[in-house]
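For the protein sequence lines, the chains are A and B, in the order given. Each residue of the first sequence is one higher than the last, beginning at 60 in the numbering used here. Each residue of the second sequence is one higher than the last, beginning at 21 in the numbering used here.
Take every hint as true, because none was put in to throw you off.
Using 27 Å as the maximum straight-line C-alpha spacing, the simulated DSS-like pairs for lysine-lysine come out as follows:
{"hint": "1", "chain 1": "B", "residue 1": "117", "chain 2": "A", "residue 2": "307"}
{"hint": "2", "chain 1": "B", "residue 1": "113", "chain 2": "A", "residue 2": "206"}
{"hint": "3", "chain 1": "A", "residue 1": "272", "chain 2": "B", "residue 2": "60"}
{"hint": "4", "chain 1": "B", "residue 1": "25", "chain 2": "A", "residue 2": "336"}
{"hint": "5", "chain 1": "A", "residue 1": "320", "chain 2": "B", "residue 2": "48"}
{"hint": "6", "chain 1": "B", "residue 1": "60", "chain 2": "A", "residue 2": "277"}
Negatives, chain A to chain B, calculated, CB over 12 Å:
{"hint": "7", "residue": "100"}
{"hint": "8", "residue": "121"}
{"hint": "9", "residue": "232"}
{"hint": "10", "residue": "242"}
{"hint": "11", "residue": "364"}
None of these hints come from the bench; they were simulated from the model. A virtual CB, placed ideally from N, CA and C, is assigned to each residue, including glycine.
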Amino acid sequence: MLGLGVESTAHTFSCAILEKKGKQGKILSDVRKIYRPPEGEGIHPREASRHHIENSSIVLSECLVNAGIKIEDIDIVSYAAGPGLGPCLRVGAVVARSLASYYKIPIYPVNHAIGHIELGKLLTGAQNPLVLLVSGGHTMILAFLNKQWRVFGETLDITLGQLLDQFGRSIGFASPCGKNIEELASTTTNYVSLPYSVKGNDVSFSGLLSASKSIISKSRSDACYSLQETAFAMISETVERALSFTRKKELMVVGGVAANKRLSQMLQDVCKRHNAKFFVVPLKYAGDCGSQICWTGLLESQVKKGVSLENTFVTQSWRLDSVVVNY
Amino acid sequence: MKLLKKGAEADIYLTKWNNSNAILKIRKSKEYRNSVLDSKIRKQRTIRESQILSEVKSFGISSPLVYYVNLKKSEIIMQEIPGIPVHDLTESKIVKKSMEIGKLVGIMHQNGIMHGDLTTSNFILYKNKIYVIDFGLSQKTNKPEDHAVDLRLIKEILNSAHAKIMESSWNNFLLGYKSIVGNSQLSKITNLVSSIESRGRYAAVI
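Isolated chain A (complex conformation) (with noise of 0.2 Å):
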């Protein structure tokens, strides 16, 4: 069976088309455009959707050439009908919906961060996994329980994605600024004391990011050292206590914040104490890509019909636990 996958829901436009054949899944081609917003600011979803509406097509048609398939050869469209950001949401919807409709395919929406979770175990074989969702959009610990993925521990206030790019922006970084951070950080190891917020197996960021702020102009690399250091930290304790308390014996880390090493190494250290196998996403498919979008509609494809054009909904707010998961 081959799926097309868009998604569109925030910087990224992508277009993936995978195989499925039983639970094995292959990806064939995986193609991304992704909008950079001038340094210090963070995407304007207006400018970020006009971006995706110019690059729909290339997109699209290099995913097409790179799969080396015909669009008649397609057997389900999905794309990533939420939560993100509702011009950017509409781009991947209405091009979604017109091959759809002109051509016959079943067409399924699919949430995003689902998305993540089925893309990571499909990459990297983790069977029963405590789940860390850490990206622009989320901070989430989640299990598996009764048809729904259910939350152990979450951020009360920003994800970790947004405090790395929002303190990052106002040095100057542009979004994402994750990578900038990281290699900033790793030139020093000055710990500058900054609020350290767990309660119980949530989080808080706003007033580490606050402070974080107001440490800059001392030193810039202390500052990045600092925060990282007591952010990872925070997470890696409300993960622990997950761990602790779920008693699995996997941990799977995806989205883009996945793709930081120092925290990687943490969790790699959390998961050594609890004998728990650790598993997080391959970089490449860490960020927003059409393959999570197009994966997660084809195991849908196996429990559902697509569903009618009146119903190809987008929306800005919609949480993963409130889907049922019936594959």
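Since chain A is already given, all that's left is putting chain B on it; use the hints.
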């Protein structure tokens, strides 16, 4: 010394204190954590836990007796409560016990203590009485927001780990809580819980 549990932030051993069984709780240094941050957290939580373990007894909460504290090693030796964590009880029992847990939380809040880590593993049923343990994240606070954070956490845990009995146990918890703090305080706190939830990522906009 027998390792009983590798918890999230501390290791729990079974040991002896004056010839009777006792629990040794050590907050070991974590390699992954920056050492300045690490020792600050361990020290602060050891002090807090040992203080509040004793303090809650003064208003009738059952908790382990503290025998000995070693701040340098971040360890506490305390009484063993050889019961069963509420987390491991049958579902119908958890529903029943939720009311009592609600009462206990109400009593702590009324006396200005926020537990900070209200999970079903931190309540132990022993000889028909519920003991409260693990005060590492507790705080002395009368702020309604802090009390709401406590309630939100136990709600989150019921919703995730005990999804099938979430509604009945949450209702019982609230009944127990109300019986201590009263109707108006209950609605004040539950309104704040809703407001915290609505601040969550992608919460349904009403």
